[in-house]
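Colleague: Sequence:
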Amino acid sequence: MEDITELHLCDECAKKHKEFDFDTTFSFHKFLTGLIDNIQGEPLKEETVDIKCDVCGMSYSSFKQSGKFGCSHCYESFKSKLIPLLKEVHGHDTHIGKIPKRAGGAIGIKKEISKLKSQLDVLIKNEEFEKAAEVRDKIKSLQKQIESN
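Under our numbering, the first residue of the sequence shown is numbered 4, with each subsequent residue one higher.
Hints in this document: simulated from the structure, not taken from any laboratory. Bear in mind that the values here come from a model prediction, so they are computed numbers and not experimental data. Possibly wrong hints are sitting among the right ones.
[As the list claims (entries may be wrong)] No more than 20 Å apart at the CA atoms, straight line, and that leaves these computed lysine to aspartate or glutamate pairs for DMTMM-like: (1) Lys19 with Glu5; (2) Lys134 with Glu150; (3) Lys118 with Glu150; (4) Lys118 with Glu131; (5) Lys120 with Glu130.
Take these sequences, add in the hints, and give me the full structure.
Modeller: Below you can see the structure in the form of structure tokens.
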């Protein structure tokens, strides 16, 4: 059996020790690229079709390398690749934002309706029709509240 030796080293000493030679610098670009590749499956060796922005000419592969868009139109050009990324990172692909407490009224109710509709879809897929009916009734009630205001 092999003897195991435990070492407690500071960063500087660990860098000098050859067995611990690995990149410890955090790079947002590396993080983003890894995230994109992970969500979209294995990184392709060569993309068969590299999407390009019509305005600035930036390619999607260039965006993946730099982690930055060339212009504001890149969002639209790369939309088909970005939506799955946004859904994975944020859980949805629309900006929800926060609602100020004093302006909450109808906005808060609409947000609740949106949440309930998502819940309703899940219940229907799982064939939980009784619970789905309760959620549907809550949605109708909230919609009536908005109409009466």
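Colleague: Lys134 and Glu150 were given as a pair; does the straight-line alpha-carbon distance stay at or below 20 Å?
Modeller: violated, 25 Å
Colleague: Is the straight-line distance between the alpha-carbon of Lys118 and that of Glu131 20 Å or less?
Modeller: Given pair Lys118, Glu131 holds - Cα atoms ~17 Å apart, limit 20 Å.
Colleague: Lys118 and Glu150 were given as a pair; does the straight-line alpha-carbon distance stay at or below 20 Å?
Modeller: Since the Cα atoms of Lys118 and Glu150 sit roughly 19 Å apart, the hinted pair holds (cutoff 20 Å).
Colleague: Is the Cα-Cα distance between Lys120 and Glu130 20 Å or less?
Modeller: Holds: Lys120 and Glu130 sit about 15 Å apart, inside 20 Å.
Colleague: Decide if the proposed pair is consistent with the structure: Lys19 and Glu5, CA atoms, cutoff 20 Å inclusive.
Modeller: violated, 24 Å
Consistency with the previously given hints fails for numbers 1, 2, ordered from lowest to highest.
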